[in-house]
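Novice: Listed below, chain by chain, are the residues.
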Amino acid sequence: MSRLPDYYTIWHKAGHYGLRVMAALVLVFLMMPILVIMPLSFNAEPFFTFTQGMLSLDPDAYSTRWYQEIVDDQKWRIAIRNSFLVGIAAASIATVLGTLAAVGLSSPFMPYKRLITALLLSPMIVPLIIIAAGMFFFYTQFNLVGTFTGLIIAHAALGVPFVIITVTATLSGFDRSLFVAGLSLGASPLKVFWDVVIPLIRPGVISGGLFAFVTSFDEVVLVLFLAGPEQRTIPRQMFSGLREQINPTILAVATLLVVLSATMLFVLEALRRRSARLRGQE
Amino acid sequence: MPSLNTQDAANARRQLRRRRRQAFLFVVPLLVFILFAFVAPITTMLFRSVYNPTVAELVPETLEMLEDWSGEGLPDEATITRFAVDMKRMANDRTSGRLADEINRALPGMSSVVKSTARGLRRADDAELAANGAEMLLAENERWAKPATWRAIRSAGQVYTSSYYLTAVDLEYDSEGEIIMRDTQIYKQLYTKTLKMALIITGLTMLLGYPLAFYMSQASPATANFLMVFVLLPFWTSLLVRTTAWIALLQAGGVVNSTLLWAGLINQPIELLYNEFSTILAMTHILLPFMVLPLYAVMRGIDASFMRAAISMGSNPIGAWYKIYLPMSLPGLSAGALLVFIISVGYYITPALVGGTDGQMISNIIAFHMQVSNNWELAAALGSLLLILILVLYWLFDRFVGTDNLKLG
Chain P
1 MSRLPDYYTI WHKAGHYGLR VMAALVLVFL MMPILVIMPL SFNAEPFFTF
51 TQGMLSLDPD AYSTRWYQEI VDDQKWRIAI RNSFLVGIAA ASIATVLGTL
101 AAVGLSSPFM PYKRLITALL LSPMIVPLII IAAGMFFFYT QFNLVGTFTG
151 LIIAHAALGV PFVIITVTAT LSGFDRSLFV AGLSLGASPL KVFWDVVIPL
201 IRPGVISGGL FAFVTSFDEV VLVLFLAGPE QRTIPRQMFS GLREQINPTI
251 LAVATLLVVL SATMLFVLEA LRRRSARLRG QE
Chain A
1 MPSLNTQDAA NARRQLRRRR RQAFLFVVPL LVFILFAFVA PITTMLFRSV
51 YNPTVAELVP ETLEMLEDWS GEGLPDEATI TRFAVDMKRM ANDRTSGRLA
101 DEINRALPGM SSVVKSTARG LRRADDAELA ANGAEMLLAE NERWAKPATW
151 RAIRSAGQVY TSSYYLTAVD LEYDSEGEII MRDTQIYKQL YTKTLKMALI
201 ITGLTMLLGY PLAFYMSQAS PATANFLMVF VLLPFWTSLL VRTTAWIALL
251 QAGGVVNSTL LWAGLINQPI ELLYNEFSTI LAMTHILLPF MVLPLYAVMR
301 GIDASFMRAA ISMGSNPIGA WYKIYLPMSL PGLSAGALLV FIISVGYYIT
351 PALVGGTDGQ MISNIIAFHM QVSNNWELAA ALGSLLLILI LVLYWLFDRF
401 VGTDNLKLG
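First to last, the sequence lines map onto chains P and A. Here the working numbering is used: the first residue of the first sequence is 1, the next is one more, and so on. Here the working numbering is used: the first residue of the second sequence is 1, the next is one more, and so on.
If we strip away everything but chain P, and leave its shape as in the complex, we get (with noise of 0.2 Å):
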């Protein structure tokens, strides 16, 4: 759209470039936010406003302190490594048993798919307060509220529908005669899964399991009804911190989760672009 055509009327025009302001200023009010709590996480003064020294870029009005803050708070560091517990076990069951189940769901045989499916798919619609409370209720015949195998089995639970997504996705590509050909040459459907389904939909697979691990990592509602104070995670403690005392230790926090965010994006992208090639779709 380097060029406007000839027949363009000036009331065209204004029309051509007014939607280019428009555009601009909803990305500008999508990033906007993200992109000032950036150099705020910085800020030497326990403020969220932008002080005179940090706006004539003045060194000393930058600090790392915010950050030096998360590094010296014994909650902070047992909040992270909470996420990552349950986010990466959270994930792998997602994983595991999502795959297996969108082999099967994939299959032209499979009986009652779309209400299975729907069931599987369930959690992703359901609101979450919905389902913090119901798991609060039937955890507690558990003794699973309090515990991280509560939290794990509940992220995981979450988590699985954007495995089937995924996964389901890669499948649709995949070409069934091989399965039938593993299986004619005598080997047991499962290791016809491992040794050539699995390496074909691997990115997928990987993908998937980022969604899932993601899910589980950002989760708080099911964290703040089902966790004790030693499954605090890293939302569960911002969403404290906002409650309660605020400060810049939360910028330096979610500054290193907008970082992580966007390794995570470029990685699934990059992902996305080897399974479509994988496929021959590209």
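These aren't lab readings, by the way, just hints derived from the structure by calculation. As the structure is a prediction and not an experimental result, all values here were calculated from the model. Hints are supplied without guarantee of correctness; some may be wrong.
Far from chain A, some chain P residues (derived; all Cβ distances over 10 Å) [said to hold, decoys possible]:
#, residue
1, 67
2, 69
3, 73
4, 80
5, 84
6, 129
7, 245
Partial selection, computed: residues in chain A whose CB lies under 8 Å from chain P [claimed, not checked]:
#, residue
8, 41
9, 45
10, 227
11, 234
12, 383
13, 385
Using N, Cα and C, we set each Cβ at its ideal position, and we do this for glycine too.
Start from chain P and add chain A according to the hints.
Specialist: For chain A alone, kept in the frame of chain P given last:
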């Protein structure tokens, strides 16, 4: 061509059955897991909204004896005595507080009566209590002499009840068992408010998302991919981070207020945070990618030459857009709108953090009843209503848009 005999048919059937079983076996582990980890909890919650055994477990005999009571005048002396004995037991094993909460829910004001009576009877002599417990109980508080109190105990003792659903829609049973409006209308208003806020947020995301998605779909693939990063990065950023960012921006000493002060537009910081405005603003920001992504996916598939053709033939751009482009982009628009609406109706975190008192939504009240007032049954009833609402919306979504249009990233 050789003809097929019954043997072949039987073989084929057996083979089909085996294939079906094989496919199903792959799904079994996850199915079992989801049934335990997710479906059972949701079912428990639905069940909990009509089931409350607390009182029935605390005073089973009293309730059994109350069955025979007509509801007029006082129950017979044996029943009241039995209750007095139960009160002493509960005062000593520290369960009288739970009874107080439950009865208070059926008849407001009873909590203190039950608690003070429990204190009074805690050290009563067993033999004396068994002999004239009724008299002792009536002496503790005059409200024990009122039939309404005993009716409240009886109704609180029902194991299965629809009363929480009635409360959840601002109705209640009066003393005669008729359904009447409650004095305080809270929940209907709250549902309306939640739906109103969700509608505003959906409208705003449409208004902001449509031009952006349109521009991206017209741009060259390289530009579109580049711009996509700016949509996906917020989408991938933790929603707590985004909520934090809005708190940092809107605070009294935050960036927006400082800028306005500096520009001389205001003389003192204005209240931007902890109200409905900040909730709607932050949620619009958080949910905008859910609008842009399906819109963009649909718009990318629309051939730009349709619009060019219309304009070159003399249509003005607005007319061409309205008659040609809008109908073609409608699937994306409705997918995004329903998605944003469904998500925002059940939203909890952002209203909880930036909502203050007037930005609270239905989820926040459910959390309040779960964590603060400990009225779990009411929380379950409100949650069940919300769940039904979401399922209806989702059914509409599936019917008119199709879940296949949902793509991630």
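Novice: Take the hints in turn and mark each one as holding or not.
Specialist: The hints, checked one at a time:
{"no.": "1", "hint": "67", "verdict": "15 Å, holds"}
{"no.": "2", "hint": "69", "verdict": "16 Å, holds"}
{"no.": "3", "hint": "73", "verdict": "17 Å, holds"}
{"no.": "4", "hint": "80", "verdict": "13 Å, holds"}
{"no.": "5", "hint": "84", "verdict": "14 Å, holds"}
{"no.": "6", "hint": "129", "verdict": "4 Å, violated"}
{"no.": "7", "hint": "245", "verdict": "13 Å, holds"}
{"no.": "8", "hint": "41", "verdict": "4 Å, holds"}
{"no.": "9", "hint": "45", "verdict": "4 Å, holds"}
{"no.": "10", "hint": "227", "verdict": "7 Å, holds"}
{"no.": "11", "hint": "234", "verdict": "5 Å, holds"}
{"no.": "12", "hint": "383", "verdict": "5 Å, holds"}
{"no.": "13", "hint": "385", "verdict": "10 Å, violated"}
Going down the numbered hints, you'll see the structure goes against 6, 13, while the others check out.
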